[in-house]
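2 protein chains.
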Amino acid sequence: MAIPPFIIQFHQRTPSVKVTNGFVIFDLTQYKTLHTMNKKSVACLLLVGATLVLLSCQPKQEPVANEPAASVDPLPSWNDGANKQAIINFVTAATTEGGTEFIPVADRIATFDNDGTLWSEQPIYFQFFFAIDRVKALAADHPEWKTKQPFKAVLENNMEELMKQGEKGLVQIVMTTHAGSTTDEFEEIVEQWISTAKHPTKNKLYTELVFQPMLELIDYLKANSFKVFIVSGGGIEFMRPWTERVYGIPKDQVIGSSIKTHYDYNDGKPFIKRLAEIEFIDDKEGKPVGINQYIGRKPVFTCGNSDGDLQMLRWADANPLKSFKLYVHHTDSVREWAYDRNSHIGTFDKGLDEAVEKKWTIVDMATDWKVIYPVEKQ
Amino acid sequence: MAIPPFIIQFHQRTPSVKVTNGFVIFDLTQYKTLHTMNKKSVACLLLVGATLVLLSCQPKQEPVANEPAASVDPLPSWNDGANKQAIINFVTAATTEGGTEFIPVADRIATFDNDGTLWSEQPIYFQFFFAIDRVKALAADHPEWKTKQPFKAVLENNMEELMKQGEKGLVQIVMTTHAGSTTDEFEEIVEQWISTAKHPTKNKLYTELVFQPMLELIDYLKANSFKVFIVSGGGIEFMRPWTERVYGIPKDQVIGSSIKTHYDYNDGKPFIKRLAEIEFIDDKEGKPVGINQYIGRKPVFTCGNSDGDLQMLRWADANPLKSFKLYVHHTDSVREWAYDRNSHIGTFDKGLDEAVEKKWTIVDMATDWKVIYPVEKQ
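Protein chains in written order, with our numbering: chain A, 136 to 513; chain B, 136 to 513.
It should be emphasised that the hints constitute simulated quantities derived from the structure, not laboratory data.
One or more of the hints may lead you astray.
Pairs involving identical chains hold if they fit within one copy or between any two copies, as the list cannot separate such chains.
To be verified - Taking lysine to aspartate or glutamate pairs in the DMTMM-like style, the calculated list, with each CA pair at most 25 Å apart, reads:
#1 Lys339 <-> Asp488
#2 Lys281 <-> Asp467
#3 Lys386 <-> Asp242
#4 Lys395 <-> Glu420
#5 Lys512 <-> Asp242
#6 Lys339 <-> Glu414
#7 Lys404 <-> Glu343
#8 Lys281 <-> Asp402
#9 Lys457 <-> Glu320
#10 Lys386 <-> Glu295
#11 Lys283 <-> Asp467
#12 Lys457 <-> Glu414
#13 Lys505 <-> Glu420
#14 Lys404 <-> Glu236
#15 Lys419 <-> Glu492
#16 Lys337 <-> Asp399
#17 Lys512 <-> Glu236
#18 Lys395 <-> Glu412
#19 Lys333 <-> Glu236
#20 Lys419 <-> Glu320
#21 Lys494 <-> Glu295
#22 Lys281 <-> Asp399
#23 Lys333 <-> Asp484
#24 Lys404 <-> Glu232
#25 Lys386 <-> Glu414
#26 Lys303 <-> Glu511
#27 Lys485 <-> Asp399
#28 Lys419 <-> Glu296
#29 Lys339 <-> Asp242
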């Protein structure tokens with residue numbers, strides 16, 4: 136049965152309809168409920184339903200032999216090739232009821248690393264730019280910082296000196312800039328920063344430096360009833376204010392590193408204070424632990440880009456259900472950055488070896504992706 | 136427009152259709168995707184859509200004046216009255232687009248306590264029966280327990296002696312029975328127990344002692360695009376194996392107390408070991424902290440039954456969006472149990488006072504609920 140073209144356009148980002156065994160399946164997973172659809176869309180949906188039912192009630196037309204399902208490309212920014220095909224094959228098999236590789240909806244858990252997997256992470260994790268900007272914003276209230284390391288180095292833009300301060304200095308900067316506020320206040324601070332601050336060399340908002348092909352992959356998985364989570368070494372409360380808007384991933388599906396918090400209740404106003412003490416590092420061994428704690432299920436689909444994600448990929452690999460493990464390999468020094476084994480940010484060494492050995496999918500940014508950032512898209 | 140009766144029956148538990156401004160809205164929130172519906176249901180849905188569209192295209196019949204929307208009772212086990220009406224009014228206002236109390240879908244977060252709110256908790260939290268049964272099951276490997284407290288008291292069914300062991304004894308029992316296994320093993324142990332163990336006086340499976348009216352409330356909220364979470368003092372990994380089946384709440388929407396875990400990787404097989412150390416107590420002040428950590432949003436709808444839930448209700452009350460706070464008051468000594476201010480389990484004292492003062496909804500089990508347990512339902 137041919138699909139009227141307006142159905143294909145019904146959903147703006149990914150195809151909202153597929154034909155299986157002669158039944159038309161509307162994909163409504165992007166709508167938490169039809170209540171949220173506007174009336175025109177609902178009317179349109181019903182009209183489509185009506186039309187198709189009427190068509191199917193008509194005397195059979197000459198059969199169309201083996202016409203493929205509505206052939207909208209779910210991953211338009213991916214070049215055709217083995218990697219793109221592997222993704223599509225996996226999702227198709229996972230959603231084919233009665234097939235040997237069918238995955239029940241409840242088990243369709245997908246976990247994505249963030250830094251280097253969903254957005255860039257060079258020359259340093261973007262959250263660190265946030266911390267630097269916070270030090271500068273708070274400096275007026277801390278005149279002593281002018282002479283006190285590691286703050287002095289930050290205020291003087293002396294990165295070399297800052298690096299000499301080592302891990303202790305970095306932790307000090309993160310704690311000073313991430314703790315002390317209430318959770319509500321911190322959310323506002325992050326929102327304000329993320330909507331205005333720009334990347335030092337790309338001169339774009341950080342949220343413009345997300346990877347278009349990965350946005351499409353997230354949408355494609357969601358459209359096939361995968362529940363998509365972020366599992367990042369970045370701060371959970373640094374990500375949540377904008378992940379919903381940028382990735383379409385709700386706050387409660389974001390897992391990250393966290394600092395301790397404390398609930399207090401004064402004068403009938405409850406609040407949660409952010410304390411200067413690390414609670415959980417969601418990196419390396421922390422990733423399976425975080426996945427177990429927040430999700431309670433091993434993923435069937437997981438994406439990372441560095442050795443810090445290896446344990447997460449192994450955790451998905453240990454799923455008794457067939458799982459898909461994907462590594463993004465930063466190979467594009469022109470459009471993004473090229474780095475792997477010897478990079479301090481996003482080291483990709485053991486993970487690369489294990490991915491090759493176990494035949495996991497390794498995405499070559501330079502050849503697999505038509506565009507990197509959304510702005511490059513036509 | 137009259138709704139053909141078969142639509143009403145289309146969805147077995149809650150109404151799947153409502154009519155707003157002449158548009159028919161199918162409620163598909165219970166289906167993560169239409170892919171999971173069987174073909175007959177899809178065909179039926181399309182047929183309904185077609186029928187209604189055709190009906191709406193027909194020349195207008197004589198108008199039906201002010202006919203109410205499809206009047207299927209979303210809460211059939213609730214007696215009519217102020218409390219039931221308050222719930223329905225809140226949900227209707229929250230989902231009425233353009234209304235002053237409309238709540239965007241992303242903000243429709245509902246949090247439910249478990250013990251005493253979704254299932255019974257007398258004569259002692261059900262998880263403690265699990266711990267006792269585990270001590271007995273493990274006793275063969277621990278001959279020393281015959282003479283060593285608190286295990287001796289458990290093996291001799293001497294509750295009085297067991298209580299004398301105090302908190303230290305209880306923690307020892309919980310740690311002995313809840314730690315030491317891998318997360319996969321523990322899930323199997325819980326699943327095995329919950330499908331066979333019976334309540335000592337009710338002589339029913341514990342999962343049969345869930346509250347039918349609350350199941351309907353969960354379904355009603357889900358049908359209106361609320362994302363429903365459990366936020367319980369009970370163990371997170373004790374609940375997750377069965378909450379999906381019993382409440383329709385997925386594992387990643389269950390928050391509870393937890394013990395520390397450790398990821399390990401031997402011979403290419405990753406696993407997570409459960410350690411004998413408490414990580415987080417999801418009770419009292421812990422509930423807002425847990426909600427912030429796992430969800431990242433204040434709830435707009437929350438239900439509890441004891442002082443341990445008061446901080447959660449206050450947290451919802453602090454939501455800038457209008458929120459609904461509900462306390463279940465155990466007033467039914469015949470069908471369930473009656474207890475409040477002086478009970479050791481589920482103490483409801485400060486919470487009761489504050490709920491009265493702030494005009495939160497206090498459900499009177501004896502008068503508000505037609506039935507308590509699903510088995511009583513016709």
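Here is what the structure says about each hint:
1. For a Cα distance limit of 25 Å, the shortest separation of lysine 339 from aspartate 488 qualifies neither inside one copy, at 34 Å, nor across copies, at 54 Å.
2. For the identical chains of this complex, lysine 281 and aspartate 467 are neighbours neither inside a copy (39 Å) nor across copies (67 Å), given an alpha-carbon limit of 25 Å.
3. For a Cα distance limit of 25 Å, the shortest separation of lysine 386 from aspartate 242 qualifies both inside one copy, at 20 Å, and across copies, at 10 Å.
4. In this homomeric assembly, lysine 395 and glutamate 420 come within 25 Å of each other (Cα to Cα) both inside a single copy, at 19 Å, and across copies, at 13 Å.
5. Proximity of lysine 512 and aspartate 242 under a CA criterion of 25 Å is satisfied in neither setting, with 33 Å inside one chain copy and 31 Å between copies.
6. In the homo-oligomer, the alpha carbons of lysine 339 and glutamate 414 never lie at most 25 Å apart, since the shortest distance is 32 Å inside one protomer and 41 Å across protomers.
7. In this assembly of identical chains, the alpha carbons of lysine 404 and glutamate 343 never lie at most 25 Å apart, being 37 Å within a copy and 39 Å across copies at closest.
8. For the homomeric pair lysine 281 and aspartate 402, neither the shortest alpha-carbon distance inside one copy (38 Å) nor that between copies (52 Å) is at most 25 Å.
9. In this homomeric assembly, lysine 457 and glutamate 320 come within 25 Å of each other (Cα to Cα) only across copies, at 20 Å, whereas the closest approach inside a single copy is 43 Å.
10. For a Cα distance limit of 25 Å, the shortest separation of lysine 386 from glutamate 295 qualifies neither inside one copy, at 36 Å, nor across copies, at 46 Å.
11. Within a single copy, lysine 283 and aspartate 467 get their C-alpha atoms no closer than 39 Å, and across copies no closer than 66 Å, so neither meets the 25 Å cut-off.
12. Proximity of lysine 457 to glutamate 414 under the C-alpha cut-off of 25 Å is found in neither arrangement, the shortest distances being 33 Å within a copy and 32 Å between copies.
13. With identical chains, the CA atoms of lysine 505 and glutamate 420 are never at most 25 Å apart, being 33 Å at best within one copy and 50 Å at best between copies.
14. For the identical chains of this complex, lysine 404 and glutamate 236 are inter-copy neighbours only, at 22 Å across copies versus 51 Å inside a copy, given an alpha-carbon limit of 25 Å.
15. Proximity of lysine 419 and glutamate 492 under a CA criterion of 25 Å is satisfied intra-copy only: 19 Å inside one chain copy versus 49 Å between copies.
16. For a Cα distance limit of 25 Å, the shortest separation of lysine 337 from aspartate 399 qualifies neither inside one copy, at 42 Å, nor across copies, at 40 Å.
17. Taking the shortest Cα distances, lysine 512 and glutamate 236 never come within 25 Å of each other, neither inside one copy (34 Å) nor across copies (39 Å).
18. When the C-alpha separation of lysine 395 and glutamate 412 is checked against a cutoff of 25 Å, the pair qualifies both within a copy, at 6 Å, and between copies, at 17 Å.
19. Taking the shortest Cα distances, lysine 333 and glutamate 236 never come within 25 Å of each other, neither inside one copy (44 Å) nor across copies (37 Å).
20. In this assembly of identical chains, the alpha carbons of lysine 419 and glutamate 320 lie at most 25 Å apart only when taken from different copies (23 Å versus 30 Å within one copy).
21. For the homomeric pair lysine 494 and glutamate 295, neither the shortest alpha-carbon distance inside one copy (40 Å) nor that between copies (60 Å) is at most 25 Å.
22. Taking the closest pair of Cα atoms, lysine 281 and aspartate 399 never come within 25 Å of each other, the shortest separation being 34 Å inside a single copy and 45 Å across copies.
23. With identical chains, the CA atoms of lysine 333 and aspartate 484 are never at most 25 Å apart, being 30 Å at best within one copy and 53 Å at best between copies.
24. In the homo-oligomer, the alpha carbons of lysine 404 and glutamate 232 never lie at most 25 Å apart, since the shortest distance is 51 Å inside one protomer and 29 Å across protomers.
25. In the homo-oligomer, the alpha carbons of lysine 386 and glutamate 414 lie at most 25 Å apart both inside one protomer (19 Å) and across protomers (22 Å), since each shortest distance falls under that limit.
26. Neither within a single protomer nor between protomers do lysine 303 and glutamate 511 lie at most 25 Å apart by alpha-carbon distance, with minima of 39 Å and 62 Å respectively.
27. In the homo-oligomer, the alpha carbons of lysine 485 and aspartate 399 lie at most 25 Å apart only across protomers (17 Å), although the nearest pairing inside one protomer, at 44 Å, exceeds that limit.
28. For the identical chains of this complex, lysine 419 and glutamate 296 are neighbours neither inside a copy (28 Å) nor across copies (46 Å), given an alpha-carbon limit of 25 Å.
29. When the C-alpha separation of lysine 339 and aspartate 242 is checked against a cutoff of 25 Å, the pair qualifies neither within a copy, at 37 Å, nor between copies, at 30 Å.
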